[in-house]
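> Work out the full structure, taking the sequences as your base and the hints as a guide.
If you read the protein sequences in the order shown, they are chains A and B. Each residue of the first sequence is one higher than the one before, counting from 1 in the numbering used here. Each residue of the second sequence is one higher than the one before, counting from 1 in the numbering used here.
Please note that a few of the clues may not be correct.
[Claimed, not checked] For lysine to any residue, the following SDA-like pairs were computed, each having C-alpha atoms within a straight-line distance of at most 25 Å:
| id | chain 1 | residue 1 | chain 2 | residue 2 |
| --- | --- | --- | --- | --- |
| 1 | B | K21 | B | R355 |
| 2 | A | K210 | B | E80 |
| 3 | B | K235 | A | E112 |
| 4 | A | K101 | B | F33 |
| 5 | B | K128 | B | D360 |
| 6 | A | K210 | B | A62 |
| 7 | B | K225 | B | W247 |
| 8 | A | K101 | B | D29 |
| 9 | B | K21 | B | L40 |
| 10 | A | K210 | B | T64 |
[What the hints assert, rightly or not] Chain B is faced by these chain A residues, among others (derived, beta-carbon under 7 Å):
| id | residue |
| --- | --- |
| 11 | T78 |
| 12 | G82 |
| 13 | V90 |
| 14 | L96 |
| 15 | G100 |
| 16 | E111 |
| 17 | R113 |
| 18 | D115 |
| 19 | E207 |
| 20 | G208 |
| 21 | K247 |
| 22 | A252 |
| 23 | S257 |
Just so you know, these hints were derived from the structure itself, not from any lab. Ideal placement from N, C-alpha and C gives every residue a C-beta, glycine not left out.
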Amino acid sequence: MSGRLRDFLLARVATRVLRRLPDVEPAERPGEPGVPPPNIERELPSSAGAERAVLAALALATLAAAAFIVLYVAFPDTQLLGLSLGLSLVAFAVALVVAGKRVVPQETAVEEREDFGDAQRQEEVRAIVRRGGDGISRRRMLIGAAGAAGATIGAAALVPAASLGPRVGDRLRQSPWRPGRRVVDADGTPLTVGDIEIGGFRTGFPEGAKRDELGSPVIVVRLEEDEIELPEAQRAGMPSGVIAFSKICPHAGCAVSIYRHPLYEPTEPRPALVCPCHFSTFDVRRGGELLFGPAGRPLPRLPLSIGSEGELIADGEYTENYGPSWSGVRQERGET
Amino acid sequence: MIGDPVRFVDERLNTASLVRKALRYVFPDHWSFMLGEIALYAFLVLVGTGIFLAFNYVPSDAETVYRGTYEPLRGTPMSEAYKSVVDLSLDVPAGLLIRQTHHWAANVFIAAIVLHLVRILFTGAFRKPREINYWIGLTMLAVAILEGFLGYSLIDDLLSGMGLAIAYSVALATPVIGADVALLIWGGEYPGATVFWDRIFTVHILILPLLLAGLISLHMLILTKQHHTQFPGPKRTERNVVGTPLWPGYALRSLGLLFATAGVLFLLGGLVQINPVWLWGPYEPYLSTNAAQPDWYLGWLIGGLRIMPPLEPVIGDYTLVGNAFFMGALFPLVAFGVLYLWPLIDRRWSGAGERHELLDRPRDNPRRSAALVAFLTWVAIPFVAGATDRVFYRLGVPYDLQIWAFRVLFVVGPFLAWLVARRIFEDLHDRDAHPLRGWTGRVVQRNARGGFETLGAYDGRTRGEGGAERDEATVAADVPAER
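Take a look at the structure:
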């Protein structure tokens, strides 16, 4: 037993010594045309410790990968799956890197770069291109005609892209709100004046219309009537201090879902509707005028009236185009 | 059967000389050269995990009602798309692991590209003869950002829906043609255009990945034709390349990096939660959430949209440009425009269109480096402004105050950064000290009579690989002992 062990150790030492002998680079044939043979420095770093480390890392990679398979079948927990697979890959990476740096021959090569931009070859290319036009009398005209044909074919190929969507026309201006349409909540129940508390807000939709389009949702708030800071002419459509705004920010289309309402006097900052995306802040007392932020225009308002049972009813269409701005949105300036 | 694979292949394809050349291909070594490799390997992980995800995803906004295992969402109307992602995350074995790994890989992919780009810029690796490959790389960054955005938009949860609403608004806001272009891209209004889901699915899983794969191939083909650049050092010249041949050393190390990248991504995917979509709920246009954040590589745009003053040019009562256009589209266009033009600007500054194979250290060209710092500051300030909602939400600093600070910084910051950076790079250039590797000079001691005695040269690792070629006179300059 001990004899076999000794033989084994001797053999290992022998192979090790042999392996450390510098060997000749067989593949690099000298005298290949144009390219000088690369100058390579070589070192054989392998040691028993490094090889053991690689073996250990490979064993760990195998075990962890096997664990992943077992876990997948028996207990597919996300954390354990990630841990086992990730660990396996990292262990394999460690094996490769240690092998690359501590086991295989370490070489540093110096290689000359090839020349770029040989003037003679460039001239040859030009000459070949030029000679392709030999004997042609109306060269310019032919090139011009080919260019025109190519450009037109290109344009013809692009034109069908216009079929990818509908024309704009009035599509972006049409909302489902019509005079007389009731305001309902998410469950379809009509909202009444009593539902809207001072300091709170409700989200409303046009009764019987689609809710998931930008023209639909409105945010309904209520102020004391003497809080409203608008000239008499613009106070229409705010019965009992109940005001409805489009819930879609005219800046970038997010839902204006924050109502900043101070709970005590003095009321600074002023009650305002805020968009959480880019902080466009709209003054509730002044009919949705911008207080702060990037929006280029006020929050559109939906005029309301109150029905016989206190339910809120649209009394017209939005005061401005709803939704994010585009070229062509009409702005009402200088009235507030 | 096939006893000798080398012979088998060579007798059929005559590739032995090509393979031989490839195996001896020389890679110069520097840690920063691995950034591009990490991007490449993250892309491989993205493709692998992406195939799995594509087979589990339903690109449809058809409305359905959730009846799956996640109690809080039961009975909620939602799109088939969102339902398929919730099911994949919560009910498909390893589904969440692969989805999260894919998401992490996308973040790492773009981060690696950006760091790679910064390395290329500061070391002048974009100079002749590498301008074309630089432009290809830059294009990949733009494509990758779009690809990432489409990826998380596919989910149709509340967060991604808000992101799409903003993207739609930016398209709408484009002068004159905006509304038409937006309706062409979306196939109608957003939300509502059903055809849009098939479109972004096709673009995300086919068109852009193919484009990226093609650009990556081209990038690497040109790279192998030109070889890597290298930092100055012993034996290294403008006419040679010094480094480790592909086989065996570099191949093993690079494969190691591949598996390390994949391993770290799977560890992240398994252990660090990212985008728990079942918590956000389905997108409805009338809902939004506070303190929501996009993926990091869109932070500069959301911050830019926030710091823009409420400017919306109007002719009569006709709006010309929507506000969202300025920082949502114009800003990134200008930023990428500057980056595309950079090799030409730099060439104008540095003169002489020579071939450059040796890299600059950032200090070697203080003007370029300072200009780059100014440019990156200009991009970074809106990026930081993208976190204003988190600061407001966590620390209670009013958002309007923060926004005003960022508006001022956006204008002033790049100039300040330029001034400071120029001083620092010029100082480093003159003294050749490395801020991370200690200082150079001699150690002196004051003696009893008040004079100074030199104890000897400071033997810390003071100089980088370029040291041998630097001006010895500046290196030997005395530096006060207390530094």
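> Each hint: holds or not?
Each hint, compared with the structure:
1. B:K21 x B:R355: holds (24 Å)
2. A:K210 x B:E80: Holds: K210 of chain A and E80 of chain B sit about 18 Å apart, inside 25 Å.
3. B:K235 x A:E112: Within the cut-off at roughly 11 Å; holds.
4. A:K101 x B:F33: holds (17 Å)
5. B:K128 x B:D360: holds (13 Å)
6. A:K210 x B:A62: holds (14 Å)
7. B:K225 x B:W247: Holds - the C-alpha atoms of W247 of chain B and K225 of chain B are around 18 Å apart, at most 25 Å.
8. A:K101 x B:D29: The hint holds at about 12 Å.
9. B:K21 x B:L40: Since the Cα atoms of K21 of chain B and L40 of chain B sit roughly 22 Å apart, the hinted pair holds (cutoff 25 Å).
10. A:K210 x B:T64: Holds, at roughly 16 Å.
11. T78: Holds, because the Cβ-Cβ distance from T78 of chain A to chain B comes to roughly 5 Å (cut-off 7 Å).
12. G82: Holds, about 1 Å.
13. V90: holds (4 Å)
14. L96: Check passed: Cβ of L96 of chain A comes within 3 Å of chain B, closer than 7 Å.
15. G100: holds (3 Å)
16. E111: holds (5 Å)
17. R113: Nearest chain B Cβ about 6 Å off; hint holds.
18. D115: violated (9 Å)
19. E207: violated (15 Å)
20. G208: violated (16 Å)
21. K247: For K247 of chain A, the interface hint holds, since the closest Cβ of chain B sits about 5 Å away, which is under 7 Å.
22. A252: holds (4 Å)
23. S257: Holds, about 5 Å.
Consistency note: the structure conflicts with the earlier hints numbered 18, 19 and 20.
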